[in-house]
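Listed here are the chains, written in short residue letters.
2 protein chains.
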Amino acid sequence: MSQESEFSGGDLRDTGMALKHDREWDYELERIVEAVEERDAKKVGLQFPEGLKRRGPAVADDLRDLLADDVRVLISGQPCYGACDLDTYLMRRTDVFVHFGHSPMKESEKIIYVPLFSNVAVTPIVEEALSELAAPEEDPEVGLVTTAQHMNRFDEMRTFLEERGYEVHTRRGDDRLTHEGQVLGCNYASADVGADQVLYVGGGKFHPLGLAMEHPEKRVVIADPVNNVVTIADTETFLKQRYGAVHRAMDAETWGVIFCTKIGQGRWEVATDIVEENENAYLLTMDEVTPDRLRNFGFDAFVNTGCPRITTDDGPRFHRPMLTPGEYEIAVGNEPLDSLSFDTFHGTW
Amino acid sequence: MSQESEFSGGDLRDTGMALKHDREWDYELERIVEAVEERDAKKVGLQFPEGLKRRGPAVADDLRDLLADDVRVLISGQPCYGACDLDTYLMRRTDVFVHFGHSPMKESEKIIYVPLFSNVAVTPIVEEALSELAAPEEDPEVGLVTTAQHMNRFDEMRTFLEERGYEVHTRRGDDRLTHEGQVLGCNYASADVGADQVLYVGGGKFHPLGLAMEHPEKRVVIADPVNNVVTIADTETFLKQRYGAVHRAMDAETWGVIFCTKIGQGRWEVATDIVEENENAYLLTMDEVTPDRLRNFGFDAFVNTGCPRITTDDGPRFHRPMLTPGEYEIAVGNEPLDSLSFDTFHGTW
Numbered sequence: 001m002s003q004e005s006e007f008s009g010g011d012l013r014d015t016g017m018a019l020k021h022d023r024e025w026d027y028e029l030e031r032i033v034e035a036v037e038e039r040d041a042k043k044v045g046l047q048f049p050e051g052l053k054r055r056g057p058a059v060a061d062d063l064r065d066l067l068a069d070d071v072r073v074l075i076s077g078q079p080c081y082g083a084c085d086l087d088t089y090l091m092r093r094t095d096v097f098v099h100f101g102h103s104p105m106k107e108s109e110k111i112i113y114v115p116l117f118s119n120v121a122v123t124p125i126v127e128e129a130l131s132e133l134a135a136p137e138e139d140p141e142v143g144l145v146t147t148a149q150h151m152n153r154f155d156e157m158r159t160f161l162e163e164r165g166y167e168v169h170t171r172r173g174d175d176r177l178t179h180e181g182q183v184l185g186c187n188y189a190s191a192d193v194g195a196d197q198v199l200y201v202g203g204g205k206f207h208p209l210g211l212a213m214e215h216p217e218k219r220v221v222i223a224d225p226v227n228n229v230v231t232i233a234d235t236e237t238f239l240k241q242r243y244g245a246v247h248r249a250m251d252a253e254t255w256g257v258i259f260c261t262k263i264g265q266g267r268w269e270v271a272t273d274i275v276e277e278n279e280n281a282y283l284l285t286m287d288e289v290t291p292d293r294l295r296n297f298g299f300d301a302f303v304n305t306g307c308p309r310i311t312t313d314d315g316p317r318f319h320r321p322m323l324t325p326g327e328y329e330i331a332v333g334n335e336p337l338d339s340l341s342f343d344t345f346h347g348t349w
Numbered sequence: 001m002s003q004e005s006e007f008s009g010g011d012l013r014d015t016g017m018a019l020k021h022d023r024e025w026d027y028e029l030e031r032i033v034e035a036v037e038e039r040d041a042k043k044v045g046l047q048f049p050e051g052l053k054r055r056g057p058a059v060a061d062d063l064r065d066l067l068a069d070d071v072r073v074l075i076s077g078q079p080c081y082g083a084c085d086l087d088t089y090l091m092r093r094t095d096v097f098v099h100f101g102h103s104p105m106k107e108s109e110k111i112i113y114v115p116l117f118s119n120v121a122v123t124p125i126v127e128e129a130l131s132e133l134a135a136p137e138e139d140p141e142v143g144l145v146t147t148a149q150h151m152n153r154f155d156e157m158r159t160f161l162e163e164r165g166y167e168v169h170t171r172r173g174d175d176r177l178t179h180e181g182q183v184l185g186c187n188y189a190s191a192d193v194g195a196d197q198v199l200y201v202g203g204g205k206f207h208p209l210g211l212a213m214e215h216p217e218k219r220v221v222i223a224d225p226v227n228n229v230v231t232i233a234d235t236e237t238f239l240k241q242r243y244g245a246v247h248r249a250m251d252a253e254t255w256g257v258i259f260c261t262k263i264g265q266g267r268w269e270v271a272t273d274i275v276e277e278n279e280n281a282y283l284l285t286m287d288e289v290t291p292d293r294l295r296n297f298g299f300d301a302f303v304n305t306g307c308p309r310i311t312t313d314d315g316p317r318f319h320r321p322m323l324t325p326g327e328y329e330i331a332v333g334n335e336p337l338d339s340l341s342f343d344t345f346h347g348t349w
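Those protein sequence lines, which keep their order, are chains A and B. For the record, in the first sequence the residue sitting at position 222 is 222 according to our numbering, with numbers rising by one throughout. For the record, in the second sequence the residue sitting at position 312 is 312 according to our numbering, with numbers rising by one throughout.
Some hints could be false.
The list treats identical chains as interchangeable, and a pair is accepted whether it falls inside one copy or across any two copies.
Cut-off 20 angstroms, straight-line C-alpha distance, at most; resulting in silico cross-link-like pairs (EDC-like, lysine to aspartate or glutamate) [to be verified]:
1. Lys42 - Glu276
2. Lys42 - Glu30
3. Lys43 - Glu269
4. Lys218 - Glu137
5. Lys43 - Asp251
6. Lys43 - Glu276
7. Lys42 - Asp69
8. Lys42 - Asp273
9. Lys205 - Glu217
10. Lys42 - Glu137
11. Lys43 - Asp62
12. Lys106 - Glu180
13. Lys43 - Asp273
14. Lys43 - Asp95
15. Lys218 - Asp192
16. Lys42 - Glu269
17. Lys43 - Glu277
18. Lys106 - Glu141
Since the hints were derived computationally from the structure, they do not count as laboratory data.
Produce the entire structure from the sequences given, and follow the hints as far as they go.
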């Protein structure tokens, strides 16, 4: 990206590059204050995802100004990577618990979800992405997905594409997703539509990489309004890395089978089924799955039944191969190598 | 240490150097099996401290052999640094929960504590340490302390010293400690005895460093039977580092005040008192206190009301100064610089 585009006006005015340093979020403080007053709450817990933790103190300040003096505001210092990853300790010990930056995975009276919709414009980058989509006269069918941050402009994206002659396919996915067209790092059911090409609108490569892995038969065009780039999702490196891990794990004698204790990341049956069928497999329970935590155990390989993105994206950081449950079945010879597929997560908790 | 000593026989036969690779621990499997059968337990949770996690799978194997087929064994993958640090998630979800390697901080029907006493001999190294103690004719008073691992030989140590003419001073400390003469990384009340010299028998420098910090008026002689060395605790580097952290924190405008959610590490009043008196202080809740977790917040400095050893020993690893509650009072000008003292932890939970 040229420096020019960063400073030029016109269509780029509202893109992520221009708004980089003054993106504004609506923390919905009034809704929080209302809940505190309604419940006569004395303790308010706030949880932010990693990228927004820096804003925590200012949000706490604003809330403290609005709330009675005897209301205590607590900020979660636990890592947070999604709506699957609630700080249940803080949630149970506060009267009002606010989770910022993710849409509800499951509604609960106890939790106030503040989604934090982005104010970056999306149509300029969608327009740029048209050059990577098949022209409507060739193939008018296009799937459309985005992340929670840009859901507020989903209709705008859809209308823009329709006005250019596309037939836009969208669906809600499953229980784990709040909105039509929404994807999560672990769930791409919303892209399960009758179109060979899918347009992903959103920041980064994390989501579209999962999308392309889960739907290898589709062409995934990435329109990134935050970094102002259009690219095509490429899963080759990713796939090579996964096959490499599976091959290395084939020699494993002992297996650590991770059951993740995070509220939305538990797959108890998947984990216990493996341990029951393999006497050299051991059940390990933990919340954060990190290289440090696994290094102290002497296992030859690991199966992670928690967040699939730790397995696939962070895999190379671990000292031993770490596989998804499906990859494990291949490594121990229960399934053929070509059954390798992306590990997705369904349901809530 | 010379290689010679590692391979020589005689007095070194049972020291840590000789036993390094075949130290044996009594995992008290029978006691565990008995509890499982008594409670008709279906889920057994095992928690090991970091240094013993590698033994987890073998212990699980032995237990699986002894237990009925339908009993599931789960191993905690959470970090564990003491009896203050129980995996409460696993504890609540298993019928029998076994905590290895630490003596009880608080008795509970739910928890089986297996202390894992060391089989290294202690008298050879205590004998060597005599040269660093004042001779009994000069000063017969000596305090004696050790860690949970060597408690099984505490009487042996005491007798050895008494036979050489010393008057051995010991005490139980407080509620946080199980045994007479026992020290923890955060509690040296057992060394609060009427003697100017204290003999610490145990592995590593972690405990004696805290001991010397907490009792700066005493000479602390370290008899380390695991590494087979005798040294004198030296707090100078440590003190310089603490004064440095306090000075750097004096410029801080905003403070993150950490309340640790680990069962035996919570000091709620200490944390909330600070936040109530300083409007630029914010309450953060977390279990593991790590550099990564604090980096995402934009605070100028931190006060850690959790484990004091993270603050003092790991302090330099954090990107901003992290202080103990007492050091915080100095940094903000409530207390004079010479009030700096070691942060200790009392009570249970």
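Okay, the hints, checked on the actual structure:
In this homomeric assembly, Lys42 and Glu276 come within 20 angstroms of each other (Cα to Cα) only across copies, at 14 angstroms, whereas the closest approach inside a single copy is 46 angstroms. Taking the closest pair of Cα atoms, Lys42 and Glu30 come within 20 angstroms of each other only inside a single copy of the chain (17 angstroms); across copies the shortest separation is 48 angstroms, beyond that limit. In this homomeric assembly, Lys43 and Glu269 come within 20 angstroms of each other (Cα to Cα) only across copies, at 14 angstroms, whereas the closest approach inside a single copy is 36 angstroms. For the homomeric pair Lys218 and Glu137, the shortest alpha-carbon distance inside one copy (18 angstroms) is at most 20 angstroms, but the shortest distance between copies (88 angstroms) is not.
Taking CA atoms no more than 20 angstroms apart as the test, Lys43 paired with Asp251 passes in neither setting, with 52 angstroms inside one copy and 30 angstroms between copies. For a Cα distance limit of 20 angstroms, the shortest separation of Lys43 from Glu276 across copies, 14 angstroms, qualifies, whereas the shortest one inside one copy, 43 angstroms, does not. Proximity of Lys42 to Asp69 under the C-alpha cut-off of 20 angstroms is restricted to the intra-copy arrangement: shortest distance 10 angstroms within a copy versus 48 angstroms between copies. Only between protomers do Lys42 and Asp273 lie at most 20 angstroms apart by alpha-carbon distance; the minimum there is 16 angstroms, versus 44 angstroms within a single protomer.
Within a single copy, Lys205 and Glu217 get their C-alpha atoms as close as 18 angstroms, which meets the 20 angstroms cut-off; across copies the closest is 59 angstroms, which misses it. Taking the shortest Cα distances, Lys42 and Glu137 never come within 20 angstroms of each other, neither inside one copy (61 angstroms) nor across copies (63 angstroms). For a Cα distance limit of 20 angstroms, the shortest separation of Lys43 from Asp62 inside one copy, 15 angstroms, qualifies, whereas the shortest one across copies, 46 angstroms, does not. Taking the shortest alpha-carbon separations for Lys106 and Glu180, only the intra-copy value of 15 angstroms comes in at or below 20 angstroms, while the best inter-copy value is 51 angstroms.
In this homomeric assembly, Lys43 and Asp273 come within 20 angstroms of each other (Cα to Cα) only across copies, at 15 angstroms, whereas the closest approach inside a single copy is 41 angstroms. In this assembly of identical chains, Lys43 and Asp95 lie within 20 angstroms of each other by CA distance solely inside one copy; the values are 5 angstroms within and 32 angstroms between copies. In the homo-oligomer, the alpha carbons of Lys218 and Asp192 lie at most 20 angstroms apart inside one protomer (10 angstroms), although the nearest pairing across protomers, at 72 angstroms, exceeds that limit. Taking CA atoms no more than 20 angstroms apart as the test, Lys42 paired with Glu269 passes between copies only; the shortest distance there is 15 angstroms, against 39 angstroms inside one copy.
Taking the closest pair of Cα atoms, Lys43 and Glu277 come within 20 angstroms of each other only across two copies (17 angstroms); inside a single copy the shortest separation is 46 angstroms, beyond that limit. Neither within a single protomer nor between protomers do Lys106 and Glu141 lie at most 20 angstroms apart by alpha-carbon distance, with minima of 32 angstroms and 65 angstroms respectively.
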